[in-house]
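Q: Protein chains in written order, with the numbering used here: chain A, 1 to 124; chain B, 125 to 413; chain C, 414 to 1010.
Since the hints were derived computationally from the structure, they do not count as laboratory data.
Mixed in with the good hints, there may be bad ones.
Below, computed lysine-lysine pairings styled on DSS-like, alpha-carbon distance capped at 25 Å [stated by the list, open to error]:
| # | chain 1 | residue 1 | chain 2 | residue 2 |
| --- | --- | --- | --- | --- |
| 1 | B | Lys-336 | C | Lys-803 |
| 2 | C | Lys-982 | B | Lys-398 |
| 3 | B | Lys-406 | C | Lys-1003 |
Computed list of chain C residues with no C-beta within reach of chain B, every gap over 10 Å [stated by the list, open to error]:
| # | residue |
| --- | --- |
| 4 | Ala-514 |
| 5 | Thr-564 |
| 6 | Glu-652 |
| 7 | Thr-719 |
| 8 | Gly-800 |
| 9 | Phe-804 |
| 10 | Ile-844 |
| 11 | Thr-975 |
For glycine and all other residues, C-beta sits at the position ideal for the given N, C-alpha and C.
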Amino acid sequence: MRFEDLDKITDRMRKVMSLREGSSQAKITVHMGTCGLSAGARKIMKALIQCADETATKDVIFSTSACAGLCSREPMITIELAGQAPVKYVDLTEEKAKRIFSEHIVNGKIVAEYALAIGSEQTL
Amino acid sequence: MNGKIGSVLVAGSGIGGMQAALDLAESGFKVYLVEEGPAIGGTMAQLDKTFPTNDCAMCTLAPRLVDCGRHPNIEKLTYSELLSLEGQPGHFRARVRKKPRFVDPAKCTGCGECAAACLVRNRGYFEADEPEPLDLEADQLAEIERLVQEHGSEPSSIVPVLQGISAKYRWLPPGAVRRVSEVLGLPLARVLRIATFYNMFSFEPRGKHLIKVCLGTACHVKGAGRILDTLSRELEIQVGETTKDRRFTLEAVRCLGCCGLAPVVTVNDDVHGKLTAGEFLKVLDLYPG
Amino acid sequence: MKSCHTHLLLCAGTGCVSNGSYRIKEALERELGRHNLQDEVAVVMTGCNGFCAQGPVMTVQPDGIFYQLLSDADIPPLVEEHFLKGRPVQRLMYTPPETQAPIPKMSEIGFFKKQRLIALRNRGLIDPENIEEYIARGGYRGLAKALGAMTPERIIEEIKNSQLRGRGGAGYPTGVKWQSAARHQSDVKYIICNADEGDPGAFMDRSIIEGDPHAVLEGMAIAGRAVGSGHGLVYIRAEYPIALERLNLAIKQAREYGLLGKAIFDTDFDFDISVFQGAGAFVCGESSAMRASIQGEPPEPSAKHTHATEAGLWEKPTVLNNVETLAVVPEIIRRGAAWFAGIGTEQSKGTKVFSLVGKVKNTGLVEVPMGTTLRDIIFDIGGGIQGDRKFKAVQTGGPSGGCLPASLLDMPVDYERLAEAGSMMGSGGMIVMDEDTCMVDVARYFLDFLRDESCGKCTACREGVDAMHQLVSDICAGNGKQEHLALLEELGQAVKDASMCALGSTASNPVLSTLRYFSDEYEAHIRDHRCPAGVCKALLTFGIDPEKCKACLLCNKNCPQTAISGEKKKPQKIDQEKCIKCGVCRDVCKFDAVTVQ
């Protein structure tokens, strides 16, 4: 064990730990209500996870939530980058999801053509 | 105590008996100092130092021996036994048998020639009895050898070795304790002193299932005492005892560290928490005889 | 595990394990497999989460959803609703009785919200059996810094500046202790970790070793570097099997990773750790008794003519630190002394772990900055008294501590304040008592404990504690006399003055503090032959309220003495001659008809 080995291990474990701590650069929420599921939300989730694995992106956490209320535009995801307003994407396919991942998550550019809105509704 | 009348009998002439006899004699009573052994002084002469001041025992004892020996008010009845004592305070009648010693104490100077010249040797005072054979199974003997191999045969290995025996047999058989004393080269008294100090070691075989009732503070305020009472009553055993059918042994333990679940009882290694005494009795059904 | 997007952190502390968390784990894995989610959702067993009252508990990360009181039957619907459909299950969330509104997130539950975690920084977040998770949370960075960038003198300076004080009870400054051991030249020195957590009602040391064993190992290695020692030893209680197992595993892993053993981090520093298992004797937590115990001698304390840092174990310079103290050390080194010294009060810095137990709603382990008030701990974090009964007292500091009344609830907790109030920090047990707890009985309980655990060496402790126990037992039995109170006080003072070790010199604290704050209860026992809390058996009379009795005959059937009689459909009666006051009737009665006077 050398000093730099600690960094290597930390790096290797970063994905696991950022998930544990609930803190990360990016959070992707896949909406998985009945409508979302029947529209193929699980495939979207699998595709996104695959992207994360392939690009070895570590600071991304995945979450699921229930119906977002906009059933007609499912499958839907919400992407939150640290310090930025959340962005909702609608009417997704696996291909669209992959593109959103590589542009928005990896490069930080919002894919405006798929986006529904920036920000989220106010809650009490 | 103004009018000093009558006499006092002091039974036993150890350090306490001698001091009592001296105090009484000094205050004017006639004292009969009865001693079973052939000489006064008792056990203290065998001690090196005394608690708590670490004073030398002989320094405490010797002046009193001399004083008792010389005091005109003390009549020493050594090699004697008290046969009966009747009556009430202020008026006792004691019968004392003086055993024959075949030496006239008035003339004896204590030169020791007779002892040296005697053809029949008495057995020495400290000679130990012939040791009983170790009552140990072959596997127990082997287990102790293995533990000593593992932890070393220094005296400092005593706790891990005893723990190993206790873990395997769930008690410390007397033979095993004696064997440990032999292999670690420690006096049996020392091994016993250490083994009895710790709560973990039992000198009675434990039953098939070991029930431990936690008596930690959190458990106490939540009624652990009543659980212990109930178990003791229903199993008809006291704490530390084993049921006749050898199904359960009941022990109390000071805090298992599961205070969030208080009151807590463990059976073998299973933890049962947050139960009332009645509910706990039902848990016992899970542990057949 | 690689591509899992969700981790289920299931508590595997002793409390939750005994409530079946390993059964929950199996059920979760089975259900996740059934829904083909095993590649998305991973189940991780962590150390104690701290919220033992609600066990088994589970946190869903990254969302931070907290589930509690899980049972096998809850698992299939939970997996289907939450992990398949994304709808967290409200029914299994923590619901404070006041608001009746379930709180989904762990960070928002009152019990967790007010805590500040340093010693427990990794609790419920890492798998204690995986060293890499500890490293990923910043673990062994403190040791790396200590070895790579600091001299031993600098390490000691840092610990001194942090003003860290021993968490085991006495509160001796850790840096000063290390400095003293460092100053004495010797070929061999020892670092001993005191994990002989004997105080009934305290379990933070067990929890730290179970949940984050590497924090302790790292702390010991840093201490070893600071004082120039290559030998560490953990003295652990026999009653903690899970902790022992995880500790041994952690030592094995640390050796495999080269974090223990020869030439750590390729420096000239060698350090290894062995484990010594205690055998159940409270007094072994005392330093000189522990030393005797390790050396295979009768574990009695001895007079300390020389300090252990000069001649301790095997007559070598020895540093003895508590588990919690050592667990904090790596963070101080990593983050700097100023950070740590910025938390807490004037004389007590940092945080302290308390085991909040007894008659409080949220029992468990809590870590708060020094100076937090008792009220914050008991009412905000602990959620108040069970059944919303009246708070009577809180006992701190284990058998050597004292009981503090409601009037002191706003006292900030630190070493000095507790001592002034007649109690002590001790290892941090906090046992909350309500109006159903009899303070005389509590004093009797502690005296009984200490009488049992006194090694018997000093006459004052052996005979004095026994005499006090006899007096207090007499009071509990209704045979007390007024003059006994003064005698108790005198005896208590004598035992305090004349005993050699800390066990004896603090043994009278429970009596003296209850006499000080709850003398009215003693008076009631002595003068009126009455136990106001309804605890002391000899002073109780059980009765059945004919108004409330519904003649269900439950008490009649369950009475072990057949002391309860009565016809069917008529109120039952207790034969006082036969009654042994076991209280079974009160336990079984569903109508609250059994009265106690």
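Q: So which of the earlier hints does this model not fit?
A: 1, 2, 6 and 10
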